[in-house]
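A.B. asks: This is what each chain is made of:
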Amino acid sequence: MTMTAAPPEPSRVSASVRGGGKVRAPLLRRAAPYLQAAPLALTLLVFLLVPILTIVAVSFWDYDSIRIYPDFVLTNYVELLTSPVTWKTYLNTLKFAALTWAITLSIGFTVAYFLAFHVRSTTWQMVLFLVCTIPFWTSNIIRMISWIPFLGRNGLLNSGLISAGIIDQPLEFLLFSDFSVVLAFVHLYALFMVVPIFNSMMRIDRALVEAARDGGASGMQVLREVILPLSKPGIAIGSIFVVTLVMGDFITVRLMSGGQSASIGLMIANEISLLQYPAAAANAVVLLAVVLIMVVAMLRVVDIRKEL
Amino acid sequence: MGGNHTRDTRRGLSFHLLAAFFGLFVLFLYGPIATILVLSFQGPDGGLTFPMNGVSTHWFRNLFEQQAVGDFGGSFRRSIALGLAVMVLTVVFSLLAGFAFRRRFAGSGALFYLAVASLIVPSILVSLGIGLLFNILGLEPTWYGSALGAHLTWTLPFGLLIVFAIFNRFNPAYEEAARDLGAGPWQTVRHVVLPILLPSLIGVGLFGFTLSYDEFARTLMTAGSFNTLPLEIYGMTTNVTTPVLYALGSLTTLFSFTVIGLFLLGLVGLRRRRLRRAATAG
Chain A
1 MTMTAAPPEP
11 SRVSASVRGG
21 GKVRAPLLRR
31 AAPYLQAAPL
41 ALTLLVFLLV
51 PILTIVAVSF
61 WDYDSIRIYP
71 DFVLTNYVEL
81 LTSPVTWKTY
91 LNTLKFAALT
101 WAITLSIGFT
111 VAYFLAFHVR
121 STTWQMVLFL
131 VCTIPFWTSN
141 IIRMISWIPF
151 LGRNGLLNSG
161 LISAGIIDQP
171 LEFLLFSDFS
181 VVLAFVHLYA
191 LFMVVPIFNS
201 MMRIDRALVE
211 AARDGGASGM
221 QVLREVILPL
231 SKPGIAIGSI
241 FVVTLVMGDF
251 ITVRLMSGGQ
261 SASIGLMIAN
271 EISLLQYPAA
281 AANAVVLLAV
291 VLIMVVAMLR
301 VVDIRKEL
Chain B
1 MGGNHTRDTR
11 RGLSFHLLAA
21 FFGLFVLFLY
31 GPIATILVLS
41 FQGPDGGLTF
51 PMNGVSTHWF
61 RNLFEQQAVG
71 DFGGSFRRSI
81 ALGLAVMVLT
91 VVFSLLAGFA
101 FRRRFAGSGA
111 LFYLAVASLI
121 VPSILVSLGI
131 GLLFNILGLE
141 PTWYGSALGA
151 HLTWTLPFGL
161 LIVFAIFNRF
171 NPAYEEAARD
181 LGAGPWQTVR
191 HVVLPILLPS
201 LIGVGLFGFT
211 LSYDEFARTL
221 MTAGSFNTLP
231 LEIYGMTTNV
241 TTPVLYALGS
251 LTTLFSFTVI
261 GLFLLGLVGL
271 RRRRLRRAAT
281 AG
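From first to last, the protein sequence lines are chains A and B. The first sequence begins at 1 in the working numbering and counts up by one. The second sequence begins at 1 in the working numbering and counts up by one.
Chain A on its own, in the form it takes in the complex:
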């Protein structure tokens, strides 16, 4: 398929080895990694680094209701940081992140532990792991919408509870509330915990578990003293994914809270739709700084490059 045509660089190297003699070969050999890394580097420069620098620059620009113009003003930051709305929104976003993190971590750890240590056949392990991962490759928006018939006022859950006689009024907090926002986050992002923790657990030497058991450790003790510490890298990677995804989210909060709740991402999206780009940019810069600080804190636990 596409792969056969993939690496032109090695072929160029070989052609020069055969055709050009020994003098040019070492040069091309040395240049090869740069040529090979160039497409990735260029893409990330043009579509990630330069756009972020653009955001930083525009965050100092001025704007009125019609257009934005180059300037160097701090008003965007001053307005952002002195507004109580900003602080409240940050608090709300952090609340979503903390709740989602705690719940996905518990679910992710339990599921990964089951898959890694209780499912014995490798085939079943693969099949069940795939069952968990498949929803990750389907549409997030559809996965959010699919909660509506379940949680709505006349939804499955409410009618079920009513007919079971547990409640006599439909529960209003199920949909378009902070509850449904966190539920959707957990639904969407639990997988980002399961996969890295499962990966860490599969690398644990089974002899360690055996040794702990032979030494008289109970199942709980093995879990707490052996498996949990050795799963830390996976937990850290999963946490980074979940926290950054929730911190930057706007679509889940908008759809699942029905406009009742706020997040920083949503605040930025609203400023964008009002064409207040410099305000959105200043907001984005602060958000990026906050996210980076959180990531650096979590990275202290783990060296990603060793975990691959």
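The set of hints was computed from the structure by calculation and includes no laboratory data. Glycine is no exception: its CB is placed at the ideal position from the N, C-alpha and C atoms. Honestly, I wouldn't trust all of these hints.
As the list claims (entries may be wrong) - Covered stretches of chain A (in silico footprint by chain B; criterion: 3 or more residues with CB under 8 Å from a CB of chain B, positions within the stretch not fixed): (1) 47-61; (2) 123-131.
As the list claims (entries may be wrong) - FRET-style restraints, in silico, Cβ to Cβ: (3) B:Ala19 to A:Ala164: 38 to 46 Å; (4) A:Arg206 to B:Arg104: 43 to 51 Å; (5) A:Asp205 to B:Asn53: 56 to 64 Å; (6) A:Ala217 to B:Ala165: 25 to 33 Å; (7) A:Gln169 to B:Thr238: 42 to 50 Å; (8) A:Ser106 to B:Asn168: 24 to 32 Å; (9) A:Leu228 to B:Leu139: 17 to 25 Å; (10) A:Glu172 to B:Ala34: 22 to 30 Å; (11) B:Ala173 to A:Thr122: 18 to 26 Å.
Knowing the structure of chain A, use the given hints to seat chain B on it.
C.D. replies: Same frame as chain A, but now just chain B:
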């Protein structure tokens, strides 16, 4: 013997509890999708929730007939084309970069961290940044230009990490053996390295296609005047209040499942063929 026996039954209990938890998790993952699949067959007078008001394919027909719903066909075609382009570029770029990272080169550390940063930077920043950049440069954002680049910032790090993981487990002895037998560098790559990497590259392709096909946030400010499917669906959530929304959801989910299934079948087929070949060779 007795001690072993009690240990086994105790493990049995925790196994069953964990299995039940896992079952609930799977139900949690798939249950909601199953409900909208059922509800998309709602009768013509049915609403967005149960009960079912008859059973019909009314809403699926409605999806294709009524142009007021939006440009569903066009956005679907654009999303597929974009997904395929992202898939090919993700596979090629991350494979090439994987080769590069096997040797030391100046800036390799910076490039690695840039790729990791690409995973961490909130999607809306990528969208906003590219949108602003194009705006300032006076360029028109397009789904096959700026949105393509925005999607790559999400798929390439995944591709790169997968390729890294393969190369970390890759035994260089195979390459040395090929070289000792007289293979040139290109022959070594073509006949030794690529076949070993192929299954993982299929995985990279799956990531590339599906992540792009479903991407919303990074497309928001970068797609220009033509919508991709997720943008179209998002538009529908705000102004469509009939089960036609579920019909679209069911169709696109079914399409995703088919694509994932094809990739997995490809992997299984590849493995079978290799096992057979190994058997006949041995």
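A.B. asks: Are the hints correct? Go through all of them and say.
C.D. replies: Hint check:
1. Counting residues of the segment 47-61 of chain A whose beta-carbon sits less than 8 Å from any beta-carbon of chain B gives 9, enough to reach three: the coverage restraint holds.
2. Closer than 8 Å: that is the beta-carbon criterion, and the segment 123-131 of chain A has 3 residues meeting it against chain B, so the requirement of 3 holds.
3. Taking 38 to 46 Å as the suggested C-beta distance range, the pair B:Ala19 and A:Ala164 does not conform, at roughly 26 Å.
4. The supplied range of 43 to 51 Å is broken by A:Arg206 and B:Arg104, whose beta-carbon atoms lie about 35 Å from each other.
5. Range check, A:Asp205 to B:Asn53: about 58 Å between beta-carbon atoms, so the 56 to 64 Å window is met.
6. Evaluation of the 25 to 33 Å hint for A:Ala217 and B:Ala165 yields a pass: the beta carbon distance comes to about 32 Å.
7. Here the CB-CB span from A:Gln169 to B:Thr238 is close to 28 Å, at odds with the stated 42 to 50 Å.
8. Judged by the Cβ atoms, the range 24 to 32 Å given for A:Ser106 and B:Asn168 holds: they are separated by roughly 30 Å.
9. At about 51 Å, the CB distance of A:Leu228 to B:Leu139 disagrees with the hint of 17 to 25 Å.
10. For A:Glu172 paired with B:Ala34, a C-beta distance near 25 Å keeps the hint of 22 to 30 Å intact.
11. Distance hint check for B:Ala173 and A:Thr122: the Cβ-Cβ separation is about 25 Å, which falls inside the suggested range of 18 to 26 Å.
Hints 3, 4, 7, 9, counting from the list given before, are not met by this structure.
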